[in-house]
Each structure stands twice: as structure tokens, then as C-alpha cells.
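Taking the hints into account, I'd like the entire structure generated from these sequences.
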Amino acid sequence: MMADRCTDTRWIEQLDGVVADVFDIMLRQCCEVVEDAAATAAEIDIAARILLSGAIDAQCLVEFPQATAKKLTDALLGAEDDWEDALVEDAIGELCNMIAGEWKSALGAAASASGLSVPAIWRARAPDRNPPNGCSLRMRRTYAFRNSPFTVSLAIREPRDI
Amino acid sequence: MSVRVLIVDDSVVMRRILESALRHSNLDLAEVLHAANGVEGLAALEESAANNQPLNLILCDVHMPEMNGLDFLLEKQRRNLAPNVPLVMITADATDPQVLDAVAAGAQGAISKPFTLERIITCVESLLPPAAHPPSAMGDAQP
Numbered sequence: 000m001m002a003d004r005c006t007d008t009r010w011i012e013q014l015d016g017v018v019a020d021v022f023d024i025m026l027r028q029c030c031e032v033v034e035d036a037a038a039t040a041a042e043i044d045i046a047a048r049i050l051l052s053g054a055i056d057a058q059c060l061v062e063f064p065q066a067t068a069k070k071l072t073d074a075l076l077g078a079e080d081d082w083e084d085a086l087v088e089d090a091i092g093e094l095c096n097m098i099a100g101e102w103k104s105a106l107g108a109a110a111s112a113s114g115l116s117v118p119a120i121w122r123a124r125a126p127d128r129n130p131p132n133g134c135s136l137r138m139r140r141t142y143a144f145r146n147s148p149f150t151v152s153l154a155i156r157e158p159r160d161i
Numbered sequence: 125m126s127v128r129v130l131i132v133d134d135s136v137v138m139r140r141i142l143e144s145a146l147r148h149s150n151l152d153l154a155e156v157l158h159a160a161n162g163v164e165g166l167a168a169l170e171e172s173a174a175n176n177q178p179l180n181l182i183l184c185d186v187h188m189p190e191m192n193g194l195d196f197l198l199e200k201q202r203r204n205l206a207p208n209v210p211l212v213m214i215t216a217d218a219t220d221p222q223v224l225d226a227v228a229a230g231a232q233g234a235i236s237k238p239f240t241l242e243r244i245i246t247c248v249e250s251l252l253p254p255a256a257h258p259p260s261a262m263g264d265a266q267p
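Residue numbers (the working numbering), protein chains in the order written: chain A, 0 to 161; chain B, 125 to 267.
Honestly, the hints are just simulated from the structure, not real lab data.
Computed from a predicted structure; not experimentally measured.
No residue lacks a Cβ here, since even glycine has one placed at the ideal position from N, Cα and C.
Careful: at least some of the hints might be erroneous.
Stated by the list, open to error - Chain A is faced by these chain B residues, among others (derived, beta-carbon under 7 Å):
#1 135
#2 137
#3 219
#4 237
#5 240
As the list claims (entries may be wrong) - Residues from chain A that keep clear of chain B, each with C-beta distances beyond 10 Å, as calculated:
#6 7
#7 9
#8 69
#9 123
#10 143
The following block contains the structure:
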């Protein structure tokens, strides 16, 4: 049976640390956890998903409102502009890639035999938000970057050995 | 010594970030070429060889559609393209066995994403001869 919400603080702290590290290292920007219900329910315009498959099966999904996605693209490219949609989607895919890669590294040797997919991108809410079959652990966290929210979701199958 | 660099990455954003890092370094950059996958990367190498415009450095993503970074490296070697040009793998998955395979096959290094600008600059400057980054400019980078 799938858990709707992960209560294991180890997993949550690990994800929070990974997201903070990615923003700190790559962008030198602070990214904070948001508990505010309005922010966590922010509308989703762009989503990216990466699958981890092999010894461990998991899914990493990032979901962005357009305004946050634009700010992320500005930050990654070091300039403010009216970026083309494809470039904004590319930026979201790269962020998802880095979060998934850092998270996989944080899992240690148990995950090293698993591979990451290339990012899949959706406009509007991801049509396939369902994690791989058998995922027994799910968590969804909302963060704020430059006062704009976005969410990161992880779903993991059989994480007991990690 | 002017430096020509090839960046092979399916992400336009990542190619721009890497080019920006190079432009913040002390390298005397003549040209930065972009390729979206290994196939385009090989074509760029062929064209550079045909035009007698040798490259000095290659930065290459590992995971790409069409042809990934490891296959690009192996095919580059099979065709004897840019044989002595340093190649650095860029990856978001530091534990990917393909990264180790690439280093074993001749890649001079690997850089994990996320990275700092300084990490890229330090790596590429260490792989190029002193003439590519004049001593008078050493340490002046302002990312």
C-alpha cells in the first residue's frame, strides 16, 4: 500500500538538503522549505520528471509555476529576459536532472547500480504524475526560490534497504 | 595561444552556462562550438579537422539522446578525431558507471552537476598549456 505522505524525517531532510545544495552550489541562491498551504497549492505550469531504474526504482518530479520557472531560468543564465518556452523547459529539466543526480548520490552504494532517465517535460500539470508501480514511499515538498514556490516529489520503491 | 572549445550537451541552458564559465576564465578564447549530441559533436570535429582549425578542449555531457557521451568518445577515438585534445565529461549522475568507463577510455576528467563556476575554470585551465591562459591574467577571474 502506498503512503500518501512520508513521515520519515530522514528522507525528508535528505531531500531538503539536496535541493538546498543544488541551489547553493549552482546558483549561489538560498532555497527554503515552504509550509504555507497557499504556496504548496500554487498552480503548476511546467513539470519535469526523471526516473531512476535498476537496483532502486524511483521517480523525481519537479513542478513549477511559470513565474518561478522564469526566475530559475534567469538565475541559471545570469540574465533577465523573455525566454522562449523551450529554454525555460530546458532549465526545469536541468534542475530536475541535478536534484535527481544529487539525491541518487546521497543514497550511496545501494543506488549506484540504478540509472537515471533523461528528463521528460510537460506543460501544465504532468499527465503522468503516478510513480512507478509498487512505490511504497512518497514525499512532496514545496520550496521557495526568490519568494516563488515550486515543488519536488519523490516516490521510491522498496527503500528499506537503502 | 587562442583556444577553441567544443561543448557537447543536449541542454541549451547547460551549454550556455558552460560557455559563460569559459568566458569568465583567463583563457584566450577564440571560439566556442556547440553540439546537441554525440552525432553533432562528431560532425563538429570532422569539420574542424577539414578546415584545419584544431580544437583545444571538449566538454561533453554523459546522458544525451541520439549518441551519449561515452559513445561519442569511443567513436571519436575510432575515427581518430582530435586525438590529443582533452575531453572532460559533465554529468548530473556522479555514480554513473559510464563516467568511469569514459575516464578509463581516455577522458581527462569528469565534473559533476551542480558545479561552481570556479570548478569549471580550475578544471579547464589545468588541462590546457600555460600559453592558453597568460600568467599576467592568472587569478583574475571574476565569476
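Going through the hints against the structure:
1. Given hint, residue 135 of chain B at the interface with chain A, holds; its Cβ is 5 Å from that chain's nearest Cβ, closer than 7 Å.
2. Hint status for residue 137 of chain B: holds, given a least beta-carbon distance of 5 Å to chain A, under 7 Å.
3. Taken as an interface hint, residue 219 of chain B checks out: its beta carbon lies about 4 Å from the nearest beta carbon of chain A, inside 7 Å.
4. Look at residue 237 of chain B: its Cβ gets to within about 5 Å of chain A, closer than 7 Å, so that hint holds up.
5. Satisfaction of the interface hint for residue 240 of chain B is found here, the shortest Cβ-Cβ separation to chain A being roughly 6 Å, below the 7 Å cut-off.
6. Distance check on residue 7 of chain A: its Cβ is at least 23 Å (rounded) from any Cβ of chain B, clearing the 10 Å threshold; non-interface status holds.
7. Once the 10 Å rule is applied to beta carbons, residue 9 of chain A is consistent with being away from chain B; the minimum gap is 20 Å.
8. Remark: the non-interface label on residue 69 of chain A is consistent with the geometry, its nearest Cβ contact in chain B lying 13 Å away (cut-off 10 Å).
9. Consistency note on residue 123 of chain A: stated as away from chain B, and its beta-carbon is indeed over 10 Å from all of that chain's, at 21 Å minimum.
10. With 10 Å as the threshold on Cβ separation, the claim that residue 143 of chain A sits away from chain B holds: the shortest Cβ distance comes to roughly 18 Å.
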